[in-house]
Every structure is written in C-alpha cells, then in structure tokens.
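Using the hints provided, position chain Y relative to the given structure of chain D.
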Amino acid sequence: MSVEQEQTERTIRCLVAKVGLDGHDRGAHVIARALRDAGFEVIYSGLHRSPDEVVQAAVQEDVDVVGISILSGAHNTLVPKILDGLREYDAFDDRLVLVGGIVPDDDEAELREQGVDEIFGPGASMEEMIAYIREHAPER
Amino acid sequence: MSDLVEDLVAGKHSALARVITKIENRSAGYRDLVSDLHAHTGHADVIGVTGSPGAGKSTLVDKVAAAYREEGLTVGVIAIDPSSPFSGGAVLGDRIRMASNAGDMDVFFRSMSARGSLGGLSTATTDAVTALDAFGKDKIVVETVGAGQNEVDIVRTADTVAVLVPPGSGDDVQMLKAGILEIGDVFVVNKADLDGADRTVQQLREMLGNRDGRPDTGHHGAAATARADGDTDGPGEGEQWDPPIVETVANRGEGVTEFIETLAEHGDYLDRTGKRERQARERYAAEIRTLLREDANDLLAAELERRGGIESYVDAVMAKETDPYGVVDEVLAPLRACLEEREDAP
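One line per chain: the protein sequences are D and Y, in this order. Numbering of the first sequence is given in my numbering, commencing with residue 1 and proceeding in unit increments. Numbering of the second sequence is given in my numbering, commencing with residue 1001 and proceeding in unit increments.
Treat the hints as calculated values from the structure; they're not laboratory data. Quick reminder that beta carbons are idealized off the backbone N, C-alpha and C, glycines included. Each hint should be verified, as a subset may be incorrect.
Label-pair distances were calculated between CB atoms; the ranges are [what the hints assert, rightly or not]:
(1) Arg1336/Y / Met126/D: 49 to 59 angstroms
(2) Glu1258/Y / Gly73/D: 43 to 53 angstroms
(3) Leu47/D / Leu1304/Y: 51 to 61 angstroms
(4) His48/D / Glu1254/Y: 43 to 53 angstroms
Partial list, derived from the structure: chain Y residues whose beta carbon lies under 10 angstroms from chain D [stated by the list, open to error]:
(5) Ala1017
(6) Thr1021
(7) Lys1022
(8) Ser1027
(9) His1043
(10) Ser1083
(11) Phe1086
(12) Gly1089
(13) Val1091
(14) Leu1092
(15) Ala1102
(16) Asp1104
(17) Met1105
(18) Met1112
(19) Ser1113
(20) Asp1195
In the BS3-like style, the derived pairs of lysine-lysine whose C-alpha atoms are separated by at most 30 angstroms in a straight line are [as the list claims (entries may be wrong)]:
(21) Lys81/D / Lys1320/Y
(22) Lys1012/Y / Lys1022/Y
(23) Lys81/D / Lys1275/Y
This is chain Y alone, in the form it adopts within the complex:
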C-alpha cells in the first residue's frame, strides 16, 4: 500500500485531496491507488443531486451538509461544473455557496471540471467517490448540472438520486426532454416560495403519476416495470418506490429536514428490498465493462501503432488492397488466437 493511501485511510485531508487530483489527471499509478482504496469502501451513503442550472443545487447541498454535520456525520461533496470547450479552462463556482460549512474540514468539498470528456468524467467521479468512502465519509453528495445523458451516467454512481426542479421550468417541464425524470428517486421543487411553484409541483406529480401507472399508459410505463422486476426473495419483495416530491426553500433552510428524512426513507427502502445490493452489483458490472473497453482500446491502439499506424492501413484500404473488415481481422487475429489457446488450457 502506498504512503498516499495510508495517509488517506488515516484521515489526512491533503492525501485525500491529492488522490482525487491523481484520479482527475489520470496520473501514472492512479489505478493502483483506486485498487488499494477499494478494500476500505462500502460504508458511505452516496446521494446524487442534479437539476438545471440555477435550480439551487449547491445551496441545498450546503444546507444538507450542515444538517448532517449536526447529527455528527461527516460529509464529502463532489461538485461538477462544465469546462470551456475552447480553452479547457473552467471557473468552478459552487464552493461559494457552501457558506454554512466554511472552515469545517469535516465537510470535504471538491470541485471537478468536466474537462471536455464526459465519458472519462463518470469514471473519475466514481473513483473520487471511492476515495471519499475509503476516507471514512458517512455521506457523499455528487452534484452535477443535469442537461443530458452523460450527467445521468454520473448521477448513477449514487444510491439515491435527487432531481431539483425550479418553479416555472416551462409548460412541458423541460426536465422531461432531458430524460431525467426516469432517474429521480426524489424530486425537489426548490424556491418553493416563488410564484408558479404550486403549478410545477402539480405538473411534476402528474408526470410521475404517468410513470408509475400501467405499462400501457405510454413509454414511461417501461421504466416503471423495469424498476419492479429483478426481485429476489425476502421481505419487501415487489415493493415499489413511489418518488416523492419535496418542496424546499434552500436559502432559508426550509424543507431541508423533510428532504433529509425522504433521503433516509429511500435508504431504508433500498435496504429493505435488497435493492441497494442489486444497484451496487449493476454499478460494478458497468464499471468493469467500461474499464475493459478502455484497456482493450489502449492495447489495440498500441498494437496498431506497432504495425505502422492506422494511416498505412487506410492507405491500403484506399488502394483497394484490403478493406476495413480485413484490417480488423488481421489486427485482432493474434489476440483471438491467444484467447482461444487459453480456452483449451484453462
């Protein structure tokens, strides 16, 4: 075990911060670090918070973190912001809104930039959650702007996903378009003191009602049935989670207690139905697949390079000497042979 991992597990803040940096940068050796950390994980509750810009995510997260601290729990927060597509730079501004926890080291707040590669970001976020978990955080919050599929992936690292919907998000409730309605375990109408909040709650309730309705009520039904299946035996079998809607005014701290209670209820539901374990299994499966794909990609890229680079193959294809399928067969042939050989002698 490296010194860095030792220091992290021993509770040294700078070591935790450095490990996350290595993860973000994919510095040499970061994989070994994450591997070493894995054995120390499995204690934290992971909560995902997403929603459109300006929905009040950071303010709510700040208040939630303060409430957990009052219970004597430690908190880790990862806030993801977009990076500039031009310079790659970013201003990571969510920290400003963490005023309730300023100066409190037991709230570990870390800003992460998307760095232009969302696919890689979800891996990095998962690994950063691993680091916070190994450090011993009781609650980990992953906060991201929800605008599309990639953000949805990131939020899937969480046990419980809260989706924030600001009042007056449009007649269609724009969240529908982003497909984000399907991933929420809890919906929060923040800024509930604003005009139109009631109407937003109403619209949301209708849409959620459709989702949990009979399978023939439209395409949302598929999501509802998908949630119900895959049950194992045990108490709570077949029990469904009906996503509640919580109203909050985060900047005044209103509704925060209710929100936290709802998160706890969802946690209980996950435990009661065995869903927590199933989700964890799914996450690990997805992670293994992603890593396999990345590594296989790297191996093949190196092999391609060794054989003179892709350009020479392209030349050959252009000259009609071979075709793309032929090239792939040729490059993969040794790998295939090698794997077949292993099959014969396990």
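The shape of chain D in the complex, shown without the other chains:
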C-alpha cells in the first residue's frame, strides 16, 4: 500500500488569501473551490488579513502557492510586505506568488520585479490558472 502511496503525484497546496480592507471574497471562494476540484489542497485565509497573517499562514502551512486576491487597489502597499515577510522566513524562493484582481499595467511590471510570479486579471480563466500552477509549482 505505502509503496504505491509514495509513488503518487504529490499534492499541491495553495493559500488563497484576502488581504487588507477589501471585503469582496466571492471570487476568492470560487477560486478556492475550483482549486479544490482540481485536486489541490486549499487553505482559505478568511477576510481582512494583514500581510503578517498571510505570511504566517504561508510559512506554517508550507504551501506551494500563495494566491493573493486584491480588488481594493492596495496591492502596491500590501503585496511587497508579504514578499518581504516570506523572505524573512526563508519561504520565498520555493513558493509561487500569484496576485489576482485589478492591477494596472505599470503596477504589474513593478510587482513582477519585486517577486510576484504571475498576475491574473479580470477574464483570466480557472483552467489557465490551474494549468499555470501545475506547470510552475516548485519542485520539492
């Protein structure tokens, strides 16, 4: 039994995080569910998390993917704090950091430079996101 278990593909773990004052989490719920149905383990943070709390969850849960959903426009303030926090705990290099929401092009370039791996704006499909994660989830 356990021989087979060791051979099976490892389970990808994702954190779906809502950060800051933004109170719209319907999209985050939809994403959490879609990722679950794709066979991932999803940890949902709940609303109104601080960057510290997101970092705490990402480190402790040892997720492969940190997905940050922001609609409030505060991404320039909040996302860098999360990236710094992950680095502080040696938890940045082997993790994908994804941002979902409405991010203007200029900000997008800036966020990528700071270490965000991919940004999914309006119109991005779930299949696209799942395929991206499967392809880029870090080797461990």
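Relative to chain D, chain Y alone:
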C-alpha cells in the same frame, strides 16, 4: 543529522513546516527525519479535540491556544479536515477561526487533509506531533472531526482527549453511535448558551454515569474496568478518572479557563497514577506494530512483483494448479527459512 532536522530543532519555522510536508507526502527520507527527531521529543502535552462538525472545535482551540500563550507557553495545532473522495482536493478552513492567534508565530497552526487514506493519516499525525514536540512546543492540540473509528485512532495520539458535544445533538446523543463516548477524558458542551444545552449536559452525565458504573450495567462497563486495570504500584494506584463535563461558550471565551484547568487536572492524574507512561508505552507498541505491518507489506509486495506479479499467481489458482494458501506458503518460504536460521544463531 540532516540540515532540516538541525534547523527544526534550532527553532526555524520554515524547517518545521517543511518536515511536516515531507511527513504528509511520505517523501523519500521522511522516516530518517522522524527517527532523528525522536531523541528531541517528550516534553509536550498532547491534547486531542474531537466532536461532530460545527461543534465549535476550532473556536475553542483558538481560545485555548490564546490562553496558553498568555501563560507564556508555545502551542502547536494540527487540524485535520476531510478531503474530497472525487478530486482528492480539500478546502482546509479551520485556520480562519484561529483569529485570536493570527500573526503570532508561536502558535504553529497546520492544516492536514485526510487525503483519502485514514490508516496512513494516523501515522502521519503521530509523526507531525513528533515534529512539533521536537521543535519545542509546550502544548500540542490535535483537532479532528469525530465521526468514526479512524478519527478515534487519530485522537489516540493524545495524552488527554476532549470530546465536544453541541447542544441538541439528538435524543440519543449521536456521539454514542460513533463510539466516541469511550475515548473522552473530558467532555465539553460548547455553545452552552443555546437552548437545550442543559438537557445535553444531563444526557451526557447519565451516559457517563453508566460507563463508570458496575460492570454489569451493560457493555459500557467493560470500558470502565479496562481503564482501572493494569495498575502498577505507587501512589494513586487504582484511582479512576471520572470524565468531567465542562460547559463553554467558546466564541465569547466563557468556560475556557475551566476547560484548561480540567485539562491540567487530567494531566496531574496521568502523572500521579503512572498512566501517562503506560499510555506512552501503548502508543509506541501500536506504532511499532503499524510500521512493521507496513514495511512487511512493502517487502512482500516487492517480492511478489519479482516473482512475476500477483496476476500470474491468480492465473495459476484459477487453473487449479495451486491455491491461495499454497501461493502464500511459497512466497513466504524464504522469509520463514531466513528467520528460522537466525533463531538458531542469534
């Protein structure tokens, strides 16, 4: 000792998290990790919390963790959620309820999914507790939905087991059916402000009374006597633990202090009667047996494969050339011979 173990023992959170991941995934080398960690364990109190969905386990655990933190203790929490039988995926939602400890790294909260294999889960949980213990956590809480025998096994990794019973869990108190009444050291009626809470406490008290009654009062008596026997000499010999019922309103923090005091009392009882050591011995015995069985299974699976796979044996059985007993004898013969040889020359 590997770097990962070194980092973990040195108190690096990401190392602890990674070790638990390796344990969960059964990645190559995870056994060596757990072996190395073993020497660093033995300091933590392990508390199991179980109960039906919606009983308020996570909320209570959150408040308990906050109270321990106020005493200056560090806490580890493992929360187990079911996984989808279809996709294998899971949404692990208990973290949301850990609001009192959000941002506090000294509460290490880890969600684990059942991943469809409950037998393996109890091994993984035991190993994850080992990791948290080696990390230096003072208190470790294992939280799981109690719905059947497998969850009972998981909770058995704990020194003290708390069973949460929500008010109005039905006239029969559904927990009885799950056989979970036998494993509780402490019972908690959470949401004690709701209608029907008094009645639930009453029903629970009656049922627990039966359990600790004379052996002839029904099948619960067997559990009561089983608890009393196996005593060693020393103070508190023959002392029985009478599981108390605590009422809490976890979301308002009511009754949490009493609950923690009760947990401490049970801890004292375990020490006083030598039961803590006996439980530890039983746990190790069970763990050794499980691992032996798993490994023997693997060895035999490999041997079977080497001999051409089970299908060829099935073919032979179907063709009446041999029978299942004959096949087992044949496959096991070298192993048996080898062990007998060792017996002759120790």
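Could you check if Ser1027/Y really has its C-beta closer than 10 angstroms to a C-beta on chain D?
7 angstroms, holds
Fill in: Restraint outcome when Ala1102/Y is required to lie within 10 angstroms of chain D by C-beta distance
Holds: closest Cβ of chain D sits about 4 angstroms from Ala1102/Y, inside 10 angstroms.
Taking 43 to 53 angstroms as the stated bounds, is the beta-carbon spacing between Glu1258/Y and Gly73/D within them?
Since the Cβ atoms of Glu1258/Y and Gly73/D sit about 47 angstroms apart, the hinted range of 43 to 53 angstroms holds.
Check your understanding: Once the shortest beta carbon distance from Ala1017/Y to chain D is found, is it less than 10 angstroms?
Key -> 4 angstroms, holds
With chain D as the partner, please determine if Asp1195/Y meets the hint condition of a C-beta pair closer than 10 angstroms. Check failed: Cβ of Asp1195/Y comes no nearer than 29 angstroms to chain D, outside 10 angstroms.
Arg1336/Y paired with Met126/D, Cβ distance criterion 49 to 59 angstroms
Once the Cβ atoms are compared, 55 angstroms apart, the range 49 to 59 angstroms for Met126/D and Arg1336/Y holds.
Checklist entry - Is Lys81/D close enough to Lys1275/Y, meaning Cα to Cα at most 30 angstroms? => result 49 angstroms, violated
TODO: Using 10 angstroms as the Cβ threshold, decide whether His1043/Y counts as touching chain D.
DONE: 20 angstroms, violated
Lys1022/Y was flagged as interface toward chain D. Is the shortest Cβ-Cβ separation under 10 angstroms?
8 angstroms, holds
Satisfaction of the hinted span 51 to 61 angstroms by the C-beta atoms belonging to Leu47/D and Leu1304/Y: Cβ of Leu47/D to Cβ of Leu1304/Y: about 53 angstroms, so the range 51 to 61 angstroms holds.
> At a threshold of 10 angstroms, is the proposed contact between Gly1089/Y and chain D supported by beta-carbon distances?
Replying inline: Nearest chain D Cβ about 4 angstroms off; hint holds.
Review point. Against chain D, is Ser1083/Y within 10 angstroms by beta-carbon distance?
Key: 7 angstroms, holds
Of the hints listed earlier, those the structure fails to meet are numbers 4, 9, 20, 21, 23, in rising order.
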